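Participant: In order, the protein sequence lines correspond to chains A and B.
FYI, this note's numbering numbers position 178 of the first sequence as 178, with every residue one higher than the one before it.
FYI, this note's numbering numbers position 53 of the second sequence as 1053, with every residue one higher than the one before it.
Simulated from the structure, these hints should not be mistaken for laboratory data.
These numbers were taken from a predicted model, which means no experiment stands behind them.
Take these hints with a grain of salt, some might be off.
What the hints assert, rightly or not - Going by beta-carbon spacing under 10 Å, a handful of chain A positions derived as facing chain B:
1) N60
2) Y73
3) G97
4) L105
5) E113
6) Y143
7) K147
Unchecked claim - Okay, derived cross-link-like pairs now, DSS-like style, lysine-lysine, Cα gap no bigger than 25 Å in a straight line:
8) K1007(B) - K149(A)
9) K186(A) - K138(A)
10) K149(A) - K1296(B)
11) K1084(B) - K1073(B)
12) K1296(B) - K1017(B)
13) K1073(B) - K1296(B)
14) K1383(B) - K1296(B)
15) K147(A) - K1296(B)
16) K1068(B) - K1079(B)
17) K1239(B) - K1296(B)
18) K1007(B) - K1382(B)
19) K1239(B) - K1007(B)
20) K1007(B) - K147(A)
21) K1079(B) - K1239(B)
22) K1239(B) - K149(A)
23) K1239(B) - K147(A)
24) K1073(B) - K1239(B)
25) K1296(B) - K1068(B)
Where a beta carbon is used, it is the ideal one built from N, C-alpha and C, also for glycine.
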Amino acid sequence: MVMAAMVGSERMIQLHNVSKIYNVGGQEVRALDRASLTINDGEFVSIVGPSGSGKSTLMNIIGCLDVADSGEYILDSQPIEQYSESELAHIRNRKIGFIFQGFNLLSRLTAEENVELPLIYQRVGSAERRERVAEALKWVELYERRKHKPTELSGGQQQRVAIARALVTRPSLLLADEPTGNLDSKTGDEIMRLFHELHRRGNTIVLITHDIDVANQAERRVHILDGRVQEEAS
Amino acid sequence: MIIQSIKMAMEAISSNKIRSFLTMLGIIIGVIALIVLVSLVGSASDSITDQVNSLGSNLLYVSITDDKGIPMKLDEIEKIALDKEFSAMAPMGQLTAIAQNGHADEVATVYGTTPSYSDIRGLDVDYGRFLRTTDVENSSYVAVLSQDAATELFGKTNIVGERVSLDGRSFLVVGVLAEDTSFMSMMSNRIAAYIPYTVATRMSDSLSGVSTIYASSSNPNSMDGAEEVLNSIMMKRLKGDEDAFSIINQSTIMDAMGSITDILSLLLGGIAAISLLVGGIGIMNIMLVSVTERTKEIGIRKAIGADRSSIMMQFLIEALVISLMGCAIGIVLSWFIIQLATMAADGVVTFTISGGVVGVAVAFSVAIGVVFGIYPAYKAAKKHPIEALRYEG
């Protein structure tokens, strides 16, 4: 199955004293202040915090969209250092499956082509691509709608396509940023059920949200405030 | 990856058809201008060259501008013609006359010459005969008409035995030439009459001395010997004044024409290339707009693992596809235009597209796609993934 648990390091994410400083209008803003966090393989963790708390910065660093100014980050036993942008792109491509609030599907492409995209960047052959895309779309129950463009799909369906796109590379980590934020509560619940199913199948999931109800569905909650990480005993 | 990039480019281009087409239009027009102009000049010059060659590649042409007060006589030319370097030589005196047959009249170009002229210029006679030596010796009032002169004045081609009036003097028509469809003939009067040189001198005072001589060398491969002999004879005859005459040989004319058409091709090709360049700037303009519009797309692609080179490749190939599609359309349209031009030329010139200029057009289009695509592609590739993802257009 696509979502078979990655058997590997016990620790999927290790952040140690990670800081990120932005320079806004000549003033230093500590978006992350010596944040430390460990997430184990197969865990379902939510990161909760109000806007401006630094959770987006944390997500960007965990998601290898950005690198820390100081501190240590090890993802799936690979230290993420001052890699070049292209090397980070390769790491994102192979290890991380992103799920965004705004779905972020390419509107010109069909559902199928959207799901296929990360595999193209992995240079997977076309026969295998077709097979894996079909598998992922079947899992989110949208195989019948594979030829539809995002605009022809409902919000919930679009998010399911996005989940299929995240899963199709069999990533080490699923990183979801407010995945239910643009959906009504009923559809949001459906999406959350998919996350639970993925967790049950052994996927490591990090869910970033400001919604306590959503956050509470995770196995473990991590709070972030003013750039500081505060673990909550589960 | 290249195949995928081409597929992506096609999707992007077809998602905005009108804009893509308008962008291509610059390239299409540039390619058409390049191919059509260069092909027209090339084909025209080829056909002129062919016809000049068919006149005989051993033609020499002497023009005397100053006879030092002693008119050149016919028998002088006959003496010169005896030299073994020459196979034939003929004087040529040209005048304009009103040709009349009953009420029909036309302005005709009258050539006063000798029988050799027909051999030198390779004239074909359809009916009757060309001038004879006896016609010249006896100053007979006989004329050989061009086919156009016959049809214009008599309404038919076989008019041997009829009489035609040239400037009021009555001539017996002894021959009619074959129709001349050559490109060269379009540049001269098609109403022409050939009469004995001795008769022509009576019609115009200016022809009392020969000022134009046509000669063909006996060596078909080289005119150098003949030209040398002619030169020394003329120098002696004209008191060593080398400005009193000029000798032009066929290859000089060909060389001159070759360099003219080369310059013309280069000039027109250059203008066409400028329009291609403008087309390229259009591509760059649209690609820059497209990169900005698609910032979010770039962010998404980067988030799911596209590296800089993939993004760069995608946009570069898109620019290339636009310019190459434009080029292909331009080539096809050029072909149609050339066919139309050939039809319009009505058999006088057959226009063809030279493979070389198509090659140049394709190479130019590729170069333009790359040169004008690379900066927008670089801009796209350089976008930071987080900022690009945040972009709401």
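Participant: None of the hints should be skipped; say for each whether it holds.
Facilitator: So, going through the hints one by one against the coordinates:
1. N60: Nearest chain B Cβ about 6 Å off; hint holds.
2. Y73: Violated, about 16 Å.
3. G97: holds (8 Å)
4. L105: holds (8 Å)
5. E113: This hint holds: E113(A) lies near chain B, its Cβ roughly 8 Å from the closest one there, short of 10 Å.
6. Y143: violated (20 Å)
7. K147: Cβ of K147(A) sits 14 Å from chain B, so the hint is violated.
8. K1007(B) - K149(A): holds (17 Å)
9. K186(A) - K138(A): Measuring from Cα to Cα gives roughly 21 Å; hence the hint holds.
10. K149(A) - K1296(B): holds (17 Å)
11. K1084(B) - K1073(B): holds (20 Å)
12. K1296(B) - K1017(B): holds (21 Å)
13. K1073(B) - K1296(B): With Cα atoms ~91 Å apart, K1073(B) and K1296(B) exceed 25 Å; violated.
14. K1383(B) - K1296(B): holds (10 Å)
15. K147(A) - K1296(B): Holds: K147(A) and K1296(B) sit about 22 Å apart, inside 25 Å.
16. K1068(B) - K1079(B): With Cα atoms ~19 Å apart, K1068(B) and K1079(B) stay inside 25 Å; holds.
17. K1239(B) - K1296(B): violated (88 Å)
18. K1007(B) - K1382(B): holds (22 Å)
19. K1239(B) - K1007(B): Given pair K1239(B), K1007(B) is violated - Cα atoms ~80 Å apart, limit 25 Å.
20. K1007(B) - K147(A): Judged against 25 Å, a Cα distance of about 16 Å means the pair holds.
21. K1079(B) - K1239(B): holds (18 Å)
22. K1239(B) - K149(A): Given that 25 Å is the threshold and the Cα spacing comes to 94 Å, the pair is violated.
23. K1239(B) - K147(A): Not OK: K1239(B) and K147(A) at ~95 Å, beyond 25 Å, violated.
24. K1073(B) - K1239(B): Roughly 16 Å between the alpha carbons, so the hint for K1073(B) and K1239(B) holds.
25. K1296(B) - K1068(B): violated (89 Å)
Violated hints, in rising order: 2, 6, 7, 13, 17, 19, 22, 23, 25; the structure is consistent with all others.
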